[in-house]
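Go ahead and model the full structure; you've got the sequences and the hints to work with.
Chain residues, written in single-letter form:
Protein chains: 2
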Amino acid sequence: MIPSSLEYFFNCKSIAVVGASDKKGKIGYVVLNNIINAGFKGEIYPINLKAERIMGLKCYKKLTDVNGNIDLMVLIVPSKSIPAIMEQAGQKGIKAGVIISGGFREAGNLELEQEVLNIARKYLIRLLGPNCQGLSYTPNKLCASWPLINTEGSIGVISQSGTVAAQIGIWAQEEGLGVSSIVSLGNKADVNEIDLIDYYASDNKTELISLYIEGVRDGRKFIDTLKKCDKPVVILKPGRTKEGRKAVVTHTDSIAGFSEVFDGICKQYGFINAHNIRELYDFSKAFAYMKRPQGNKVLIITSSGGSGALATDECIEAGLCMANLSAEVKQKLKANLPSHCVINNPLDLTGDADATMYKYVIESVAKEDIDIIYVIFGDPLPEVAEIIIDLKGKIRQELAICYLGGGDVQRRETFKMHKMGIPVFPTPERTAAVLKKLLNYKKGDIHG
Amino acid sequence: MIPSSLEYFFNCKSIAVVGASDKKGKIGYVVLNNIINAGFKGEIYPINLKAERIMGLKCYKKLTDVNGNIDLMVLIVPSKSIPAIMEQAGQKGIKAGVIISGGFREAGNLELEQEVLNIARKYLIRLLGPNCQGLSYTPNKLCASWPLINTEGSIGVISQSGTVAAQIGIWAQEEGLGVSSIVSLGNKADVNEIDLIDYYASDNKTELISLYIEGVRDGRKFIDTLKKCDKPVVILKPGRTKEGRKAVVTHTDSIAGFSEVFDGICKQYGFINAHNIRELYDFSKAFAYMKRPQGNKVLIITSSGGSGALATDECIEAGLCMANLSAEVKQKLKANLPSHCVINNPLDLTGDADATMYKYVIESVAKEDIDIIYVIFGDPLPEVAEIIIDLKGKIRQELAICYLGGGDVQRRETFKMHKMGIPVFPTPERTAAVLKKLLNYKKGDIHG
Numbered sequence: 016m017i018p019s020s021l022e023y024f025f026n027c028k029s030i031a032v033v034g035a036s037d038k039k040g041k042i043g044y045v046v047l048n049n050i051i052n053a054g055f056k057g058e059i060y061p062i063n064l065k066a067e068r069i070m071g072l073k074c075y076k077k078l079t080d081v082n083g084n085i086d087l088m089v090l091i092v093p094s095k096s097i098p099a100i101m102e103q104a105g106q107k108g109i110k111a112g113v114i115i116s117g118g119f120r121e122a123g124n125l126e127l128e129q130e131v132l133n134i135a136r137k138y139l140i141r142l143l144g145p146n147c148q149g150l151s152y153t154p155n156k157l158c159a160s161w162p163l164i165n166t167e168g169s170i171g172v173i174s175q176s177g178t179v180a181a182q183i184g185i186w187a188q189e190e191g192l193g194v195s196s197i198v199s200l201g202n203k204a205d206v207n208e209i210d211l212i213d214y215y216a217s218d219n220k221t222e223l224i225s226l227y228i229e230g231v232r233d234g235r236k237f238i239d240t241l242k243k244c245d246k247p248v249v250i251l252k253p254g255r256t257k258e259g260r261k262a263v264v265t266h267t268d269s270i271a272g273f274s275e276v277f278d279g280i281c282k283q284y285g286f287i288n289a290h291n292i293r294e295l296y297d298f299s300k301a302f303a304y305m306k307r308p309q310g311n312k313v314l315i316i317t318s319s320g321g322s323g324a325l326a327t328d329e330c331i332e333a334g335l336c337m338a339n340l341s342a343e344v345k346q347k348l349k350a351n352l353p354s355h356c357v358i359n360n361p362l363d364l365t366g367d368a369d370a371t372m373y374k375y376v377i378e379s380v381a382k383e384d385i386d387i388i389y390v391i392f393g394d395p396l397p398e399v400a401e402i403i404i405d406l407k408g409k410i411r412q413e414l415a416i417c418y419l420g421g422g423d424v425q426r427r428e429t430f431k432m433h434k435m436g437i438p439v440f441p442t443p444e445r446t447a448a449v450l451k452k453l454l455n456y457k458k459g460d461i462h463g
Numbered sequence: 016m017i018p019s020s021l022e023y024f025f026n027c028k029s030i031a032v033v034g035a036s037d038k039k040g041k042i043g044y045v046v047l048n049n050i051i052n053a054g055f056k057g058e059i060y061p062i063n064l065k066a067e068r069i070m071g072l073k074c075y076k077k078l079t080d081v082n083g084n085i086d087l088m089v090l091i092v093p094s095k096s097i098p099a100i101m102e103q104a105g106q107k108g109i110k111a112g113v114i115i116s117g118g119f120r121e122a123g124n125l126e127l128e129q130e131v132l133n134i135a136r137k138y139l140i141r142l143l144g145p146n147c148q149g150l151s152y153t154p155n156k157l158c159a160s161w162p163l164i165n166t167e168g169s170i171g172v173i174s175q176s177g178t179v180a181a182q183i184g185i186w187a188q189e190e191g192l193g194v195s196s197i198v199s200l201g202n203k204a205d206v207n208e209i210d211l212i213d214y215y216a217s218d219n220k221t222e223l224i225s226l227y228i229e230g231v232r233d234g235r236k237f238i239d240t241l242k243k244c245d246k247p248v249v250i251l252k253p254g255r256t257k258e259g260r261k262a263v264v265t266h267t268d269s270i271a272g273f274s275e276v277f278d279g280i281c282k283q284y285g286f287i288n289a290h291n292i293r294e295l296y297d298f299s300k301a302f303a304y305m306k307r308p309q310g311n312k313v314l315i316i317t318s319s320g321g322s323g324a325l326a327t328d329e330c331i332e333a334g335l336c337m338a339n340l341s342a343e344v345k346q347k348l349k350a351n352l353p354s355h356c357v358i359n360n361p362l363d364l365t366g367d368a369d370a371t372m373y374k375y376v377i378e379s380v381a382k383e384d385i386d387i388i389y390v391i392f393g394d395p396l397p398e399v400a401e402i403i404i405d406l407k408g409k410i411r412q413e414l415a416i417c418y419l420g421g422g423d424v425q426r427r428e429t430f431k432m433h434k435m436g437i438p439v440f441p442t443p444e445r446t447a448a449v450l451k452k453l454l455n456y457k458k459g460d461i462h463g
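These protein sequences, in sequence, are chains A and B. The numbering used here numbers the first residue of the first sequence as 16 and each following residue consecutively. The numbering used here numbers the first residue of the second sequence as 16 and each following residue consecutively.
I should point out that these hints are in silico values taken from the structure, not numbers from a laboratory. Errors might be hidden in some of the hints.
As the list makes no split between identical chains, a pair holds if one copy fits it or if it spans any two.
[Stated by the list, open to error] 25 Å max Cα-Cα, derived SDA-like pairs, lysine to any residue: (1) K431 x S217; (2) K77 x G105; (3) K38 x D423; (4) K41 x Y375; (5) K452 x H290; (6) K38 x G366; (7) K452 x T256; (8) K457 x Y138; (9) K451 x N339; (10) K39 x G422; (11) K39 x R427; (12) K39 x I331; (13) K282 x I331.
Okay, structure coming up:
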């Protein structure tokens with residue numbers, strides 16, 4: 016019997032790092048360092064045969080030397096030493112383990128992987144990996160991985176590539192948006208994408224699942240699990256070309272057949288199909304934090320005429336349609352805005368725009384026949400975040416925010432909006448792409 | 016007669032800032048501050064009616080109060096005061112002026128713009144703007160614009176949108192790539208894109224022209240100028256849709272007809288057509304610093320299997336073809352690389368890869384039937400820049416570099432490569448997109 020809960024991974028109160036190291040650059044150093052620096056509140060036990068203390072923490076020679084409870088162990092040691100460590104873990108009563116070490120199935124050592132799995136089953140230990148990049152869960156200030164990710168957000172990442180997972184985490188962290196969790200699957204000896212989708216589906220810190228997957232062992236069960244999950248799921252899957260499928264088979268020994276039917280499955284069941292890493296991130300941002308607009312009529316409000324023109328092309332090509340302002344509202348805006356403003360769609364406030372002008376315009380058009388208010392900040396405009404945060408939820412329309420050309424001011428304002436759960440996109444084309452995807456989403460309303 | 020040279024803009028030895036301000040946030044503050052902080056070596060004269068000193072510099076009440084020569088003046092004052100200032104400039108013998116102020120043609124004041132232009136013609140003053148975001152020229156440490164751009168590179172930007180220009184500059188600066196110059200055109204009362212393309216064509220600091228253009232007044236002359244220019248020109252032009260064309264007409268009063276035939280013109284004459292801001296930047300990077308590959312056979316070398324699989328799909332979709340390694344080289348690599356490495360295409364060095372392994376592999380395949388070596392660094396891999404810098408030029412193949420998932424290490428290594436003129440792209444899809452564009456380039460060999 017396998018215990019079904021993954022609680023010990025995400026909500027562990029104590030962690031042992033087997034193979035913790037004080038040598039900068041070693042993975043055993045990086046992971047212990049990140050666990051400490053992410054602000055983990057529970058006990059941390061470095062396990063190292065030689066050191067007395069690492070990073071100020073007392074070291075232990077083996078897991079069974081630790082007096083207190085260990086909820087989660089992270090293994091960063093040569094693969095052949097892992098069966099013996101698993102036995103100690105079983106005796107210690109540990110219930111969850113992350114094996115970062117490689118040297119198993121992916122290196123042709125299927126037997127060693129099976130041996131480790133058998134010990135895990137014997138002691139009811141759940142295993143993540145082997146050959147993975149660990150996991151992060153920001154609500155528990157847990158980062159048993161790299162790079163250091165500790166900004167709390169709503170996106171839950173599951174990835175069969177450590178690099179893709181890391182990149183999504185880095186972008187989310189750099190923009191102040193954050194993630195709820197990141198799990199790198201590795202060889203999936205035990206815990207796989209199905210377990211994790213199930214877990215995220217009922218995790219109230221996760222609003223959306225962001226999935227990089229190369230293949231699944233049980234396609235039927237995978238689809239059924241996704242169908243049951245009432246949170247949006249964005250999926251990036253390589254293998255669109257024959258050559259790509261060959262690369263996938265080599266990388267993770269995934270079943271090639273699934274690739275050919277994957278696009279159809281996404282369309283049929285309403286999973287959100289991303290074409291590349293950037294789309295995986297952008298669509299995750301959009302579906303985690305935005306609602307599906309009620310229709311496709313868009314009003315563009317901008318301080319940059321050029322960005323407005325580019326956004327217009329991109330909106331039209333994305334299937335949106337330019338909303339018309341009523342004569343009444345046009346007249347009101349003309350009377351109250353500086354005469355050089357262009358009262359049209361795009362509505363161009365020009366380079367003299369400030370936060371107050373944006374607020375005035377958005378409030379003035381809130382009762383118009385518009386589904387999406389697409390706001391472009393095209394200059395270093397300060398204090399616009401407060402305006403948007405204040406308006407969000409007060410107006411019927413969906414707000415789509417694009418900020419570019421603003422350097423440091425842009426970074427600061429974007430951070431503020433992200434902290435309040437309002438996604439900001441850095442170019443007009445990326446904003447239009449998420450609007451298209453939101454409008455075409457079929458599974459039902461996002462966020463109930 | 017109009018003097019044809021734009022020398023006084025780019026290689027000025029002295030600048031007057033009319034409307035310089037000591038109030039933070041004002042454009043007159045930002046521009047003076049950026050001129051000083053970019054490291055301009057010549058004389059700087061703030062002109063301000065009230066202040067004695069601004070930012071430590073002596074102020075003058077008017078241009079004619081300055082004793083020394085003034086090569087370039089930057090005007091940031093209300094539009095109606097500009098004719099009088101132009102007269103003083105003429106008396107002072109100033110030969111170049113940037114009018115940042117708005118309130119001219121774009122605000123319906125065509126007559127005022129004509130009046131200013133007439134004074135300029137009378138005194139042989141060349142004018143940039145009005146209603147523009149100024150210019151930067153890094154070889155002269157000149158930044159009479161915002162944001163502060165002072166990293167020297169090879170890309171020359173000409174833009175009819177201040178925001179698009181600023182964003183390209185910001186990206187180039189953030190990545191340590193830099194630009195040679197950025198010019199914001201504004202209303203183009205005098206200096207226009209044709210003058211600037213001509214200037215950049217013979218400027219030995221500029222390798223490539225990056226152009227955002229909404230419309231041209233003389234389409235025939237524009238095309239002839241581009242055809243004569245033997246540097247690659249990347250062009251982003253909005254107006255692909257009817258609605259976009261409408262927005263363009265409103266923004267810069269551009270001739271709509273040109274939009275419809277623009278794609279055809281690019282194809283016919285070999286101008287590089289960018290679809291959005293990101294492409295404008297990426298294609299500019301690629302064509303400024305890379306050569307056109309001799310063919311489409313690519314070898315992908317990666318530390319991330321997932322990124323390798325994604326890159327494979329994207330390369331195939333971009334029209335590339337996966338190169339085959341000879342049996343001999345395969346055998347050699349198998350004998351000398353760790354056993355878990357996948358000797359295939361993608362060639363996966365796995366997460367244990369280091370700089371030395373990349374160097375060994377690239378050197379080993381240099382005589383193979385391969386046109387492009389597409390290197391993916393998919394982890395925080397230190398010291399890889401040195402390897403690439405060392406190999407560049409020593410091998411026949413074109414190197415395409417993608418770095419992702421590496422956080423701070425990635426930033427540092429990317430900077431080092433950019434400093435040496437080797438462009439690095441942050442995702443597999445962006446790398447594939449530039450390879451496609453390079454391969455399809457028809458105008459002739461880039462860089463002679």
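How the hints compare with the structure:
no. : hint        : result
1   : K431 x S217 : neither (28 Å within a copy, 45 Å between copies)
2   : K77 x G105  : within (13 Å within a copy, 85 Å between copies)
3   : K38 x D423  : between (36 Å within a copy, 19 Å between copies)
4   : K41 x Y375  : between (55 Å within a copy, 22 Å between copies)
5   : K452 x H290 : both (12 Å within a copy, 19 Å between copies)
6   : K38 x G366  : between (52 Å within a copy, 18 Å between copies)
7   : K452 x T256 : both (23 Å within a copy, 20 Å between copies)
8   : K457 x Y138 : neither (44 Å within a copy, 65 Å between copies)
9   : K451 x N339 : within (20 Å within a copy, 39 Å between copies)
10  : K39 x G422  : between (33 Å within a copy, 16 Å between copies)
11  : K39 x R427  : between (32 Å within a copy, 17 Å between copies)
12  : K39 x I331  : neither (52 Å within a copy, 39 Å between copies)
13  : K282 x I331 : both (22 Å within a copy, 23 Å between copies)
Of the numbered hints listed earlier, those contradicted by the structure are 1, 8, 12.
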